Amino acid sequence: MIKCPLCGYEYNEDQIQSVCQGCPLHGKCSLVKCPNCGYEVPRQSRLLKALRMLRRKRDESE
Amino acid sequence: MTKLKLFRRQGTSQKTGETEFQESLVKIAIVGNPNVGKSVVFNRLTGRHAVISNYPGTTVDVSRGKANLDGRQVEIIDTPGMYSFLPLTEEERVARKIILEEEPEVVLHVVDAKNLERMLPLTIQLIEAGLPVVLELNMMDEAESNGLEIDITRLEHEIGIPVVATVAVTGRGMDTLWQTIASARPPRWQTPVQHGEVVEAALHRITGILRGNYNISNRSIGLFLLEEDREITEHVREKEEANFDSIREVVIQTRDAYSQPLSYVITLSHQQRVKDILGDVIASHDKVRQGFAEKLSRAMMHPLSGGLIFLFVTFVGLYLFVGVFGAGILVDFIEGTVFGQWINPWLTDISTRFIPWEIARDLLVGDYGIFTLGLTYAFAIVLPIVGTFSLVFAIIEDSGYLPRLAMLIDRLFKFIGLNGRAVIPIVLGFGCDTMATIVTRTQETKRERVITTLLLALAIPCSAQLGVIFGILSGSTAALFIWIGTLILVFLLVGSLAARVLPGERASFYMEVPPLRLPRISNVLSKTASRLEWYLVEVLPMFIIASVVLWLGELTGVFSYIISGLEPVVESIGVPGDAAVAFFYGFFRRDFGAAGLYDLHSAGILTGIPLVVSAVTITLFVPCIAQFLVMVRERGIRTALSIALFIFLFAFLVGYVLNWILTGLGVTI
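Chains as they are written, first to last, in the numbering used here: chain A, 1 to 62; chain B, 1001 to 1669.
Chain A on its own, in the form it takes in the complex:
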């Protein structure tokens, strides 16, 4: 779940697609748009995601 920093609305990836339909990029960019107010935030960093996964795997193996 993503929490919009502007209006506080909580939404998931599925809801983003519906609000991105009017955009020329059709949701293929690195931003996610709040379905409630339209505020955009960057998607979670892939690098951070990868680092977190690595850390989790390391913790599990230990």
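Simulated from the structure, these hints should not be mistaken for laboratory data.
Keep in mind the model is a prediction, meaning the values are calculated, not measured.
Ideal Cβ positions, reconstructed from N, Cα and C, are used throughout, including at glycine.
Among the hints, a few may not be true.
[Claimed, not checked] Listed below are the simulated BS3-like cross-link pairs for lysine-lysine, each with C-alpha atoms no more than 30 Å apart in a straight line: (1) K3/A x K1275/B; (2) K3/A x K1414/B; (3) K1239/B x K3/A.
[As the list claims (entries may be wrong)] The following residues of chain A were derived to be distant from chain B, with all beta-carbon distances above 12 Å: (4) K3; (5) E40; (6) M53; (7) L54; (8) K57; (9) R58; (10) E60; (11) E62.
Starting from the structure of chain A, add chain B where the hints point.
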């Protein structure tokens, strides 16, 4: 527009007996704001057996399920999130349609017990409409851990409907809720709030005129008419026929008696009533902490203190951190030492040795080379500034200051006669004007869309440009304040002129304001990293493309032709002709143009008054290519070209006047 079917509700008049009402119970509608746990309540009541479908004619999902209530099967409807009974969004329209057309025998209003002040106005509206409301205070555990003590009996007494406290996720209070629904009584027509003498007199006159049968109270119909709700007005026009003109006359007279829209006046009285009720109902064990957060929150939205707080945030966050540290210390090191002394000389040396063709060398390390211009600007000038800016912006987002800033800007908008709904695209514009221009389509009228598009293209610098401008002006506080003052003046002047030239209806702006909180370091770092990654993935290629286009332009001579055309225009505002190149860069990306000025400033070519004048002009100067293309797509080629031409001329006019004033006054910067 789909017509509303408003019929007299069966079994809800005062004469109807309790037994008849309970036997007729077949439908329960769950309503409430988004994120209050409606779906959890729905799952608890139906056991997760739901059919989800689009509401006819819309893309809005509605969940329906069945439940057993004392041996009777009832239908439970999970309606889309609504903030107010006066709808602004499609979701709210659908939620209201369900209540009005499907006539549920119980309207279960689920609220977040921590945020009663924000949520009870909808309860008041539902009661005022004469609907059979049961109020569920959900998330009671969180309210209690926040130190809130809610007197349920007193609240029931104050609003005259059943109130149940629950924690839907754990099931606490759900049995009591079920019993309350099963024994719910038909609604009593109530007047839970007084709207002031003028509105009450108007309601009295309207309800006296109404002859049709409606399935909500005539008082509520009167309120919708005064608030000029399109669907209800259209329905009443058909139903009342000859009487409608008299009703319209009352609406116009009442509207003229107020300077604010009636929807705003009525909302205020709902909010005031809720405050009065809660004063006796809620006790807080954490008054000192809550009191400070609440006071700070209000101060942030007050025109005077909010303005001072905004200046403080701008000074510390943007000027000192982004400007002095990011654009000063960091950029000096990365541009001057890392790129200036190490990377670029090394790349030039390698190119000279291994690439025999001058054209190819120029493409990589020439004046407009991919490495020496595109990547140097991207990594050495813009990246450190975007990085520090993203960090500050993440703190602002995580603290909850952003929605308060939106409310503050809304007040400024009302002052100059603009629509409050333009707040969201304007706030977004500080991130990226191109995307903000797409968001203007959420505004209701063409007038609003055109004004907001114009203001975004003219007076709202995007985050990257803002950072670079702060960097350029960080050496002089006077220069920074002249830049800010001029932009605010231009925004107010163009905004109010445009609002007068393009007259039309003003709409109110409502926004949920979440509580203030201390930013969490992990959130701030994660958001900053995400923004930097976005910058590198999406913006960096633009810098490279711009370098290639400039290289091509130089190769073909087109570039020199355009620059020589721009030079006299730039010189006319007292800025050295060399800056024409930076203005040309501005066509590609706003921050690219600002980075060009930064380069000239670092080389000592651009200082003093010309520096401020060029910073102001390039901020106002034409939108970047991406923004212009979106403007064409959203507003049409004619409007987009008119806006771009107006901005081009206006930006240089402002630069000319500013230069004339500053030079005439003998200002030293």
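Note to self: Please verify that the nearest CB of chain B lies beyond 12 Å from E60/A's CB.
What the structure shows: The claim stands: E60/A keeps its Cβ more than 12 Å from every Cβ of chain B (closest is about 21 Å).
Item to check | Reported absence of E62/A from the contact zone with chain B (all CB gaps over 12 Å) | outcome: holds, 22 Å
Please verify whether K3/A and K1275/B have alpha carbons no more than 30 Å apart.
holds, 27 Å
Exercise. Going by Cβ atoms, does K3/A stay more than 12 Å from chain B at every point?
Worked result: violated, 9 Å
field: Least C-beta distance from M53/A to chain B larger than 12 Å
entry: Since the minimum Cβ distance to chain B is about 14 Å, M53/A lies beyond 12 Å and the statement holds.
Would you check whether the claim that E40/A is not at the interface survives, using Cβ distances to chain B and the 12 Å cut-off? Contrary to the label, E40/A does not stay out of reach of chain B, its closest Cβ about 6 Å off (not over 12 Å).
| query | For R58/A, is the shortest beta carbon distance to chain B beyond 12 Å? | reply | holds, 18 Å
Notebook entry, point to check: Quick one, are K3/A and K1414/B close enough, alpha carbons at most 30 Å?
Noted result: holds, 28 Å
Exercise. Between K1239/B and K3/A, is the straight-line Cα distance small enough, at 30 Å or below?
Worked result: violated, 44 Å
Determine whether the non-interface label on K57/A survives the test: each CB of chain B must be over 12 Å from its CB.
Nearest chain B Cβ is 19 Å from K57/A, so the label holds.
_Please verify that the nearest CB of chain B lies beyond 12 Å from L54/A's CB._
holds, 15 Å
In summary, the numbered hints that this structure violates are 3, 4 and 5.
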